[in-house]
Amino acid sequence: MRTDPMRVLHAYLTALPETAGILVSASLIDRVKGQPSVILDGTGGYRVVRHRADRADFTINTYHRTMHQAADLAFALRERLLEELPGTVASGGLVLDVTEVHSPFFLADMTSGEYRYVAAIAVYLTEASV
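Just so we're on the same page, our numbering is the position in the sequence shown counted from 1, plus 508.
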């Protein structure tokens, strides 16, 4: 399978109303301190079915101006990812299932001193047929 799971997750998240006006990125490079953001970290995964299906693991870091706003965004995204992402086609990938590795929890960013919630998911996907 040649579909990039990061592109699939990024395409899905950037299309949500919850992320309108919020940076969604796989990098902190373009992020400005204090900017509401969703930073995706690919943390691994593995082949599930030969060349047909993969599991991709992600840590999702949700930053916002207050702890409550960070929590609200993190838990809204959690619901979308677990309940609505399965069965969705985005950026050439068909998401078969999403499982929660751990639910969002508060973890202040010690470098920037900002409010951050961190969660982890596993995305099972295959290439979308044309």
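Since the hints were derived computationally from the structure, they do not count as laboratory data.
Predicted model, so just to flag it, every value in this text is computed and none were measured.
Mixed in with the good hints there might be a few duds.
[As the list claims (entries may be wrong)] Distance windows between CB atoms, simulated:
{"id": "1", "residue 1": "His610", "residue 2": "Val556", "range": "19 to 27 Å"}
{"id": "2", "residue 1": "Ala534", "residue 2": "Glu591", "range": "21 to 29 Å"}
{"id": "3", "residue 1": "Phe614", "residue 2": "Arg510", "range": "12 to 20 Å"}
Don't be surprised by glycine CBs; every beta carbon is placed ideally from N, CA and C.
Tested hints:
no. : hint                        : result
1   : His610 - Val556: 19 to 27 Å : holds, 21 Å
2   : Ala534 - Glu591: 21 to 29 Å : holds, 23 Å
3   : Phe614 - Arg510: 12 to 20 Å : violated, 37 Å
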